[in-house]
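Next come the chains, spelled out residue by residue.
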Amino acid sequence: MSTRTVLHEADIARALTRISHEILESNRGPEGLVILGIPTRGVNLAQRIGALVTEFGGRSIPVGALDVTMYRDDLHRNPTRAPQPTEIPAGGIDGKTVVLVDDVLFSGRSIRAALDALQDIGRPAAVRLAILVDRGHRELPIRPDFVGKNLPSAREERVNVRLADVDGIEEVTIES
Amino acid sequence: MRHLLDTRTLTRDDALRILDVAEDMADTQRREVKKLPTLRGKTVVNLFFEDSTRTRISFEAAAKRLSADVINFSAKGSSVSKGESLQDTAQTLQAMGADAVVIRHGASGAPRTLATSGWITAGVVNAGDGTHEHPTQALLDAFTIRKRFFGADSRGRDLAGLRVTIVGDVLHSRVARSNVWLLTTLGAAVTLVAPPTLVPQDVSAWPVRIRYDLDEAIADEPDALMMLRIQAERMNAAYFPTEREYSRRWGLDAARLGRLSADSIVMHPGPMNRGLEISADAADSPRSTVLEQVTNGVSVRMAALYLLLAGERTRAGEDGR
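One line per chain: the protein sequences are C and L, in this order.
Its first residue numbered 1, the first sequence is counted upward by one per residue in the working numbering.
Its first residue numbered 1, the second sequence is counted upward by one per residue in the working numbering.
For the record, the hints were derived by calculation from the structure and aren't laboratory data.
Being a predicted model, the structure only gives us computed values, none of them experimental.
Check before you lean on any hint, since a few could be wrong.
To be verified - If we take Cβ atoms under 7 Å as the criterion, some of the chain C residues that face chain L in the derived model are: (1) T40; (2) M70; (3) D74; (4) N78; (5) P79.
What the hints assert, rightly or not - Selected chain L positions facing chain C (Cβ under 8 Å, derived; list incomplete): (6) E32; (7) D69; (8) V70; (9) A75; (10) G109.
Glycine is no exception: its CB is placed at the ideal position from the N, C-alpha and C atoms.
Produce the entire structure from the sequences given, and follow the hints as far as they go.
This is the structure:
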């Protein structure tokens, strides 16, 4: 088994900065943006992207968390997962442009679950997807709008995202 | 978790897990669309051998909010009244493909029999058995106490340092028993107050303090005062002379309500006998959590059904809890 670091701390910071600029660019400014992270690490990334978009866009962007556990299609195949809190910003999501944030995009099934969860909360004008690492192997017709890094990987390899505020270290590694 | 049969053997971690998942369930109940797709395709059977409205409706609402199919089965008007045994009833439900059975039975231990007999593979939830336990009621009470005292910081917390006083017919009360075990597991100090005739004989082995005088108990400044229902249907002997005397000595009237400390709460599992164990003043005061308990009941039961049904099924007998 070998472990290779594919993104270091500075690379992650640069990727998040670029994603934040791209979000503002594609939205033509900060108008109507809501950023929602998918637990656990997506929430931390969403907070960082939210802070950057707030800084670059010059107005405060609401940030929240969207738990998808209860919408997953693989619940009965795994040991029971504990759901995580969902926090929707006070302004809600109706008519907003929601940017979903997750650490790794793999099969696309979490995002499918997230879209279902969003539908139960309200009706956004548009939903975009920001991902730190896209490792391929999609099982559903889902693609990200903003990508930190495309990381071709084999199905059996493991991609680990570690963030300073959760894991004490900031890196993306690939294990094979 | 395979079954939820009692709170006596429930560990602190398992109890907190249920309460924390219930927090998430409660959050989803404030959404525009309250229904979650989580248990789509699962079947929950409410098997009620004793009358119950609120518990059955609460379980039904919980299962439906999680998209499970619900079959209500009450003993009256069923083959049970024709003499069908619990085993045959259970096997019928098994043949219909029940994934969980919520059972209320007049005999203490019936849910455990159902869970351990090998008649069914479904998860079993005890919704009240005889004078034994009523675990989801205790869980919703603990949830309500935690929510009132810790608000948004409730997740992951136990009830250490809180003092809960349970008043009334402890002898016949499965709610009291389940609460004694659960609340002490969660670190709360529990006091029981009852007429001597309504205190169970084995109470000396319980981790509680016993008092016979409600006014002394109120002077101890409990954080939560839980009034139990006087169960007229079980009052087959002269446990107290008259209802008026009971009400005067052990009922929560306006004067006693006024002597409670400022942030303490008044709980009642319902249905209330207004004017007997609880006065209208107490039941309708801002301290009263009666309606919150009903709301929280749905969230707690959603959490229990979720933890029982959502994950991979462990093989029968692997986890006998």
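Hints, one by one, checked against the model:
1. T40: With Cβ-Cβ at 14 Å, over 7 Å, it is violated.
2. M70: Constraint on C/M70 satisfied, holds at 4 Å.
3. D74: violated, 10 Å
4. N78: holds, 6 Å
5. P79: Because about 5 Å separates C/P79 from the closest Cβ in chain L, which is inside the 7 Å limit, the hint holds.
6. E32: Where the cut-off is 8 Å and the nearest Cβ of chain C is about 6 Å from L/E32, the hint holds.
7. D69: violated, 15 Å
8. V70: violated, 18 Å
9. A75: Given a least distance of 31 Å, the restraint on L/A75 is violated.
10. G109: violated, 27 Å
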